[in-house]
Amino acid sequence: MDDQTRMMTGLTGLGGLPQPDVGDPDSVRKQQSLGQPQQDIGDILQQIMAITDESLDEAQARKHALNCHRMKPALFSVLCEIKEKTVLSIRGVQEEDPPDPQIMRLDNMLLAEGVSGPEKGGGSAAAAAAAAAAGGSPTDSSIEHSDYRAKLAQIRQIYHSELEKYEQACSEFTNHVMNLLREQSRTRPISPKEIERMVAIIHRKFSSIQMQLKQSTCEAVMILRSRFLDARRKRRNFNKQATEVLNEYFYSHLSNPYPSEEAKEELAKKCGITVSQVSNWFGNKRIRYKKNIGKFQEEANLYAVKTAVDAANVSAQASQANSPATPNSGTTCSISSTCRGCPFLLTGFTSYTQVDTLHPVTHLTGGYEELSGSGLYTPHRLDANSWQDTTNPPSVTSPPGPPGSVHSDTSN
DNA sequence: GTATATGATTCTCA
DNA sequence: TGAGAATCATATAC
Numbered sequence: 564m565d566d567q568t569r570m571m572t573g574l575t576g577l578g579g580l581p582q583p584d585v586g587d588p589d590s591v592r593k594q595q596s597l598g599q600p601q602q603d604i605g606d607i608l609q610q611i612m613a614i615t616d617e618s619l620d621e622a623q624a625r626k627h628a629l630n631c632h633r634m635k636p637a638l639f640s641v642l643c644e645i646k647e648k649t650v651l652s653i654r655g656v657q658e659e660d661p662p663d664p665q666i667m668r669l670d671n672m673l674l675a676e677g678v679s680g681p682e683k684g685g686g687s688a689a690a691a692a693a694a695a696a697a698g699g700s701p702t703d704s705s706i707e708h709s710d711y712r713a714k715l716a717q718i719r720q721i722y723h724s725e726l727e728k729y730e731q732a733c734s735e736f737t738n739h740v741m742n743l744l745r746e747q748s749r750t751r752p753i754s755p756k757e758i759e760r761m762v763a764i765i766h767r768k769f770s771s772i773q774m775q776l777k778q779s780t781c782e783a784v785m786i787l788r789s790r791f792l793d794a795r796r797k798r799r800n801f802n803k804q805a806t807e808v809l810n811e812y813f814y815s816h817l818s819n820p821y822p823s824e825e826a827k828e829e830l831a832k833k834c835g836i837t838v839s840q841v842s843n844w845f846g847n848k849r850i851r852y853k854k855n856i857g858k859f860q861e862e863a864n865l866y867a868v869k870t871a872v873d874a875a876n877v878s879a880q881a882s883q884a885n886s887p888a889t890p891n892s893g894t895t896c897s898i899s900s901t902c903r904g905c906p907f908l909l910t911g912f913t914s915y916t917q918v919d920t921l922h923p924v925t926h927l928t929g930g931y932e933e934l935s936g937s938g939l940y941t942p943h944r945l946d947a948n949s950w951q952d953t954t955n956p957p958s959v960t961s962p963p964g965p966p967g968s969v970h971s972d973t974s975n
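Counting from 564, one number per residue, gives the positions in the first sequence under our numbering.
Keep in mind the hints are simulated off the structure, nothing from the lab. Think of the CB as a built atom: it goes at the ideal place given N, C-alpha and C, for glycine as much as any other residue. You may find that some hints are simply not true.
So the derived label-pair ranges between C-beta atoms look like this [what the hints assert, rightly or not]: (1) 609 with 671: 53 to 59 Å; (2) 646 with 734: 25 to 31 Å; (3) 800 with 731: 52 to 58 Å; (4) 731 with 835: 50 to 56 Å; (5) 879 with 843: 34 to 40 Å.
Produce the complete structure using the sequences and hints provided.
Written as structure tokens, this is what we have:
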């Protein structure tokens, strides 16, 4: 007799079903000789199906009868035997799966974006960094920042609530299956290892749902991020005063318009923009100036005149303030606020004004040049080694500004 | 609506 | 890493 037949014949006698006594080998033989095993199986299945419609009490009673059946130990041992054989085929399944790389990627991303993990940092930090890079007015940045944070918090909330539901459903189903298995373990051999494996299978099934949840959350974050980044691309022109400050610096350092980090910071502060925006501005300005010097001549003239007028005003104030005996005793540079502190002497500057208003740009190169060791400084003249003639920024060859000067062309 | 100006981004290079 | 160069995308002027 094969295992299945043994099992089935064993089952026919269980549960108080109206079957011949299977405990009696003669009876079984009689049955088989009658050629009715197929019919019996059909009947048994019918009866099993009917069990679901029976009342709980009846089912309990049958279960009790089954547990107390004198054939139970025999059936159990048969099942154990079958199990012993079949367990070999499922051994491979028992090996632990490595963590799904896709889930790991999603987890890392959600963590980095601040959706999972601790509430602080992550996304808000990313938003802060992005907002800082966005530039514009601080108010705008903070509005965008808070908007981003609010939306991210919303995503986070939905994610956690869905995750909670998922975990609850998963644990409920697992418990249910475990209870069923425990229950069944009274009538068939189920090892704790098997229960564990079953739980793992359930978790695997559920993890695909979890993956979907994580994936859609990531997508939502990506969409939010791209919208936020798109918003960053929305360009706003700097205000007039900021542009003037930058232009003043640029044209007054035309021989070497590469502000140092300190100068950039100072300019950024003065203009109400970020240091990277200052860098962008100078990068764009240098390229565009170089490409079309002619076009910028007018602008250069404008700033030359402006700086000359400013300087004249400063000199007038200085001569009023200073002793009449020393009319040219070193006023500070007024080309731009960033130049203040440079001993841009009136003599040098007067000549600068006269020359450059008559012959602009070609002579107006900004920066300071020491007059043959005299200690007096005049604006630089454009020379062959100037940045405008080379692809790369000039090496640090321009004359150093006076001590304490903030000019980058003298310090970098 | 089109041309131009301009701030930002991306890529390459030293 | 900073700069040049090309390019994108938007603002602004007409």
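- [ ] Quick one: which hint numbers does this structure break? Sort them smallest to largest.
- [x] none
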